[in-house]
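Going down the list, the sequences are from chains F and U.
So for the first sequence, the working numbering puts the first residue at 1; every next one is plus one.
So for the second sequence, the working numbering puts the first residue at 1; every next one is plus one.
Since the hints were made in silico from the structure, they are not lab data.
These numbers come from a predicted model, not from an experiment.
C-beta: ideal position from N, C-alpha, C; glycine also.
Incorrect hints may have been included.
What the hints assert, rightly or not - Pulled a few chain F residues facing chain U out of the computed Cβ check, cut under 7 Å:
(1) PHE96
(2) LEU98
(3) MET108
(4) THR134
(5) VAL135
(6) VAL139
(7) PRO154
(8) ASN180
(9) ILE181
(10) TYR182
(11) ALA190
(12) TYR192
(13) ARG199
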Amino acid sequence: MKVKMWGVRGSIPSPGPRTVRYGGNTTCIEVRSDDDSLVILDAGTGIFPLAQSLLARLPVQANIFITHTHWDHIQGLPFFVPLYIPGNKVRIHGAFDLVSMQGIEQVMNVQLQYSYFPIREAELKAGIEYETLTVGESVAIGDATVTPVLMNHPVTDLGYRIECNGKSVFFTGDHEPWLNIYAPEDEGHAEYQTMVEQRQAELDAAIGPVDLLIVDTAYTQAEYPQKIGWGHGTFDTAIAMARRVGAKRLLCTHHEPTRSDDDLEKVFAEVLARHPDPGCEVMLASEGLEIVL
Amino acid sequence: MPQLSPELERRLTTAVDRMPAFPKSVQTILEMTRNINCLPKSLVGVVEKDPVMTMKILRVINSAYYGLPNKISSVGQSVVYLGINTIKNLALSFAAVGILPRFNSAGFDVQRYLLHSLTVGSVARLLCEKYARGEADPGDCYVAGLLHDFGKVVFAQFMSAEFVLALTIAADTDKPLHVAESEVIGADHAYVGALLAKKWQFGETLVECIRDHHASDVEPTPMLDCLRMADAICRKHAFGDSGNPWRDEELARLPTRFAADIETVIASLGDLNKHVEDARSFAQIGAEG
């Protein structure tokens, strides 16, 4: 199985000289199974260069798994060029939205509206299918299986565990570890804490030991108190997660959009200094990084 | 028990989508959510006092898409799974439906019903903590109390002509309300509440508690005992109004796990006034209520 990072930035594309080494595109990850089946995790702006790379070999059969429908994870979808070419097949998977009570089919509907995009969904030429996922139910893609896992973010976010011939990768999408909403002196604190700990244990079990764990590390530990409830983790919480689940390698992504390459390396060096023995190899994600499992 | 016709079942389940929530929760949620820094615990504190919002949130979280291993039985648990922002937006969408009018065409006072449900919930929780610790979950007992009479508010809202007749029979004769409902409607509020809870995949114990809270021939469970005793305490002391007047002959049928005398049980729970006053304040009912 091969994993390639096409977009590693969080929130908003951030091109320019300050981000040229790690990249400014928003989330998109290409996963190739051993039989070359294509799984694409998220359709941030990184999906556009990925799409260009696919055009050399038509027809394309792509299986896109959306972690959640915030813009930085779907914005590139209308620019996924294989959608416009007859003979290609694109299957888009994602969560059911409890508030709108709609499945993942709304992701294109919402974007391809007259005022916001010149092409209607009916004009896309590829065979397009949607599959709204049930948490915990695996989907077979070639010789790989993809299992959706419920994460913690301000909208329903599915993490995905992909397994192929004994190798595994897990991507959190955007995820903030659970916090107790009650203060220690509040009546509901102990009860809520129990629920949080159960939830954390359930998630750890669902992620399981993985060869590669790709985690949202938008913030540093010092920045986090100002960002509580925004739905993102820190480098430190990611290392703790990797340690708990027994990950062999941890890839930190969803870089904060105002963080320059130099700043990213600086905060990362501080993290490694704070965790001299993190329990696994820890890396920063960068556009173009390819990992073979 | 006679079954509801499939058509009536369908009508009642779809009707709940359009059911408005209670005035205080709708107003408070609209106010709170204008502040981006609104505290999650404050929001939970409001939603978990409203039977309509609680019912709708449990329905959503227990839906098949989440394939959760264990059924979710409280608003707090729903927040852990869905996140506070989703709960906030769900609550806002429930608030947008409107406000339950205090008086409906059945003449059923929904705010006094709310006071009854809230106090039964609080007392059931206290009973569980004191008498059934380790055997049942106090939070689950609260939710059972909050939702046990949900069928009544559904009747009042969507079958008002039949329900008013049942209420009149219960007030003027020695028939309890659930018996009158069965005669008039073909099913009682316990059956309808349980039917909704089951259809929406709530936990089995919660469904059973709602279904059996008037049944005399079922095996008692710790949660059902707490619910029935709480219901008796609140009806005997007229905390709110369930539309089902207290009758002293019910004393003989009370669960046996508690002290022999109902007043001794009440005394053992400490001062209930604070709970009743909190519930009155939320139900927007003065001391006369």
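Which numbered hints does this structure break? 3, 6, 8, 11
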